[in-house]
Amino acid sequence: MRAENLWKSYDERIVTVLKGVDCDVFEGQTVALCGPSGCGKSTLLHLFGGLDMPDRGCVSVNGVEVNRHSNLLRLLRYEVGFVFQLHNLIPDLTLAENCLIPSVAAGIDHRTALARLQELAERTGLSHRLDHRIQKLSGGERQRTALCRALMNKPKILLADEPTGSLDEHSSNIVFNILLNVVATEGATLLMATHDRTLAGRCDRLVEMHDGKIYEHAHAG
Amino acid sequence: MIFLKLILTNLLRHRIRSLISVAGIAFSVAAMLTVVTILQGAIGMFSNILSSDSQMIVFERDVSDLFFSNVPGDAAVQISDWPMVEHANPVLFGIVSSEGHPIITCFGVTATDARIQKAAWIKGDRGNFGRDDNDVVLGARAAEFLSASLGSRVQIGHATFHVIGVLKTANGFEDGGVFMPLTAAQSFFHKQGTSSVITVKLRNKEDTAAFKNMVRARYPNLIALENAEFTHSYSQFRILKATAWAVGGCGLLLGGLGVANTMIMSVFTRIREIAILRVNGFSQVQIGGVIFGESAVVSVFGALMGLLIGTCFLYALKLIPALVGYVDPTIHPLLMLVVLVLALLTGIAGALYPAIYAMRIRAVEALRFE
Chain P
1 MRAENLWKSY DERIVTVLKG VDCDVFEGQT VALCGPSGCG KSTLLHLFGG
51 LDMPDRGCVS VNGVEVNRHS NLLRLLRYEV GFVFQLHNLI PDLTLAENCL
101 IPSVAAGIDH RTALARLQEL AERTGLSHRL DHRIQKLSGG ERQRTALCRA
151 LMNKPKILLA DEPTGSLDEH SSNIVFNILL NVVATEGATL LMATHDRTLA
201 GRCDRLVEMH DGKIYEHAHA G
Chain S
222 MIFLKLILTN LLRHRIRSLI SVAGIAFSVA AMLTVVTILQ GAIGMFSNIL
272 SSDSQMIVFE RDVSDLFFSN VPGDAAVQIS DWPMVEHANP VLFGIVSSEG
322 HPIITCFGVT ATDARIQKAA WIKGDRGNFG RDDNDVVLGA RAAEFLSASL
372 GSRVQIGHAT FHVIGVLKTA NGFEDGGVFM PLTAAQSFFH KQGTSSVITV
422 KLRNKEDTAA FKNMVRARYP NLIALENAEF THSYSQFRIL KATAWAVGGC
472 GLLLGGLGVA NTMIMSVFTR IREIAILRVN GFSQVQIGGV IFGESAVVSV
522 FGALMGLLIG TCFLYALKLI PALVGYVDPT IHPLLMLVVL VLALLTGIAG
572 ALYPAIYAMR IRAVEALRFE
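Read top to bottom, the protein sequences are chains P and S. Counting from 1, one number per residue, gives the positions in the first sequence under the numbering used here. Counting from 222, one number per residue, gives the positions in the second sequence under the numbering used here.
Bound-form chain S, shown alone (with noise of 0.2 Å):
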């Protein structure tokens, strides 16, 4: 108790200077966790893109990004006639912009897609999408922010459309993309025969593995995934986790920094205590304990404070109406506990030279330190 005693003490007396520290590493864990749980919201609502009614993907081996995959029409059709298929529906992705609106995703699918079949259509009727190349859906969002309804005619691109519904879904992307037949998003993407990807249902999940095989061996050019192995692999992916760990992760350093200074003033103030401490047979350890106890208890306590920031300010965004269906405030046990341990272990890294010093004091001569 006394050893726990010596450690609050010290943060007790410098009340503001601990609290500066703490709230360091709440803004820095905020951060991390916001920027990760972000990102990997949006990786997984664009999973679910891919996953909607299908549990594997093909798309063309060896591209970087999925908007340059090319798949060839004639293998969505072999493909769906295979007995191990349930149903087999090739998509087209593709962006363009319209004035106000640099990005709007269109999604070219085929009126059998899961997307117009299963989704909530809020007006017009789904049996009437892919009758005509020049009708489209629209999400609930792209209806807002394009000023269309029911039966209007909006600019997308290059071309104009009419308009035959509106679906609501979950997915941000889809909410606010736009839907038109496949047939139709190949003219207009100069695609002609192709698609991005083709999302496969199988009647029994055990014919995965044949499934692959009898794809490399069809088609050399092509590669089937499951939807969870696409999204460990696909390069973006990984590239936007990366980031997202690099951004939380410089955030974090900066807070380990405000500890490690912290640390070295709350060392520099006490230098004569801590030469009573050892005249009184600490051993340099104990007086390491209480150094690295010190900043244990503000990267704990910054930690707690930092992901009660961040979960608040996650649930804040789901609010943003602009941000519906991007923002999945959902945060994963596992990664509270990551962030948790990753805080802990940079306060410590940031009293590691503090507590080397206070270590190496030599009683004599502190003691006569004013």
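In isolation and in its complexed conformation, chain P is listed as follows (with noise of 0.2 Å):
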């Protein structure tokens, strides 16, 4: 993912958020974005993810601009995968039918579907709740579904913003341990927006943002 020159402004150009970013996150890589909030964190990850576009600048995913992209679906549903802070479930769906909803949008066999839903949630320690409404999950369970369901499709790039932020520590820790060895076993990229230091430490790279601007990359550790 490469982004140039990026700017990006609301109300009315009233309030930028994003003053020139450049950024370079390569494959298989794991990358902290950190910062203090209103930084623009969640802002650059939603340019990347193709949710929103720049004022100026250049945001390219597997050398296709996001921007010029011929089709911001297919981004969606095949290359990233998104993971928010409140996991944004659809209550009175079962975790399976949440989990599910992605494979629906892309048209995926059902058979297929249910069997990468299976080999997900043994890998998240999910498999005993398939039929559980989201209502009967604790805020781990919930977003370790938020990170299957973000999985459904292989995408190579998981955008993930504050993931382990409405957690508490000991969550914390089993949910992002899951996350990292997802993606190492997925061979996917991460790029994740946190405030927590500690995990941060153990991607490798991390990015301080602050201010719309990106003021030092440091690799982990």
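These are computed hints drawn from the structure, not numbers from a lab. Just so you know, even glycine gets a beta-carbon here, dropped at the ideal spot from N, CA and C. Worth double-checking, as some hints may not be accurate.
[Said to hold, decoys possible] To be clear about the criterion: a stretch of chain S counts as covered by chain P if any three or more of its residues have a C-beta under 8 Å from a C-beta of chain P, and this derived list gives those stretches: (1) 225-237; (2) 497-510.
[Said to hold, decoys possible] Distance condition first, Cα-Cα at most 20 Å in a straight line; then the derived DMTMM-like pairs of lysine to aspartate or glutamate: (3) S/Lys226 to P/Asp131; (4) P/Lys213 to P/Asp55; (5) S/Lys344 to S/Asp354; (6) P/Lys154 to P/Asp109; (7) S/Lys226 to P/Asp109; (8) S/Lys412 to S/Glu281; (9) S/Lys226 to P/Asp92.
Bring the two chains, given one by one in their own frames, into a single complex with the hints.
Below you can see the structure in the form of structure tokens.
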């Protein structure tokens, strides 16, 4: 993923969130994006994922400019997976039904999707909860469910916006361990926005953001 | 299945709201079905009067209502002598009032008319009809509301008549009407020498076209139509049908507005959920499909319930003695299909704005929506 001279403003350009951001994320890397609230971490993730368009500059994924992407749906369905702080699962649906949403969107055969779900559920320790409604799951289980959902269509890029932000320390560690493990197994690239410096330190790279700019890149550890 | 689950989940999440929408469609479908069926039944009843033992009707050309039609008396005599004609019976329609009864339908007929000869006589002798211009025969319901019976004298309009018989018919108009000799009716209604229509039965149905041409040639101010043709072209029937469909359509529109309101609420309360679907790869079309799917489910359930309610209501109406013969609860399958399709289209139309709104939701903004 590459960001070149990215600018992004909101509220009719009154609030400028990104001010000429340049950033490269290489295949297979795990990158932590750290910075105070409002520095532009989430905005950068949204731009990489095609959920928003920059005012100026260029965002490319796998060599293809996102803002010129001929098929943004393809990007969302097959190349990028999102994990959010508040998991954003659909209430009243079961764990399995929530996870199958991306496969329904992509028109993937139901049997194939179920097999994939089983595989991910085993790796995330959720096999015994597949038929449980979301309301019955703990915070950590919900976040693991969100992770499964994000990985259903085998995306090569995982964009995580504060994935452990709403969890306690114990649950955070469990979820993050699973996240790193699954990302490594899938061979995916992880770009994660986080306030947690401890978790950030376990990534390959740490990128600092402040006031809409990237100030330093530091290798983990 | 997940797609269907997404559709049903939101409906089940707000059961009361969904039920209200279903009820809105149900009652509008029931209203449409009832109004259209009753009016079609009434049209059918009136048509049956004209087609009693006949297949053609002759009346004055370019009149808006048969009550205003004047057919010369000698036309009936001449037409009945045509070789292709089995019989031709003049009928004079009139409406009078009586104390406590603002509308009493009168039929001025000859003694050979099928209504006299083939109806089921409860009292009296059909052979006595037409011997005296002061004698009348009452339909069973007319006898009841006029409190008259065989041999009694009854006030009809400005005159008093002697009841010589009571007959029972399946047709509500006839059963609530008064039958008097044609000459008596002509005098009573000041239409000497004329009738409203001539009902004609041909010896051979294939002579229909020839019969029409002969009537056109010999009587330029008269027109001959087959009964079915007449039913389709009679302006009063067309007005009634149009009114029925308009009233029914308004009812359906109200139901559709209810669905629209529900769908708008449905979309506004799940903006975040829609954003989640978009982030996970749902296209605008798929989002629209979820919204339209919800309204389709509501419409189908509502329509089916409406058909049930409407059918029950029509059968209940039939049990009311005063309406016996006027209400035909037979619902034509084609009408049911039309009403079902209209209900579905109304529901889907009601979901149009909410679906377009949902399809245009920007995921990145909607995810911040509380």
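So, going through the hints one by one against the coordinates:
1. 225-237: As far as the stretch 225-237 of chain S goes, the hint holds, because 5 residues have Cβ atoms under 8 Å from chain P.
2. 497-510: Three-residue rule met by the stretch 497-510 of chain S, so holds; n is 9.
3. S/Lys226 to P/Asp131: holds (14 Å)
4. P/Lys213 to P/Asp55: holds (15 Å)
5. S/Lys344 to S/Asp354: OK: S/Lys344 and S/Asp354 at ~19 Å, within 20 Å.
6. P/Lys154 to P/Asp109: Holds. P/Lys154 to P/Asp109 sits at ~14 Å (cutoff 20 Å).
7. S/Lys226 to P/Asp109: holds (17 Å)
8. S/Lys412 to S/Glu281: Holds, at roughly 14 Å.
9. S/Lys226 to P/Asp92: holds (10 Å)
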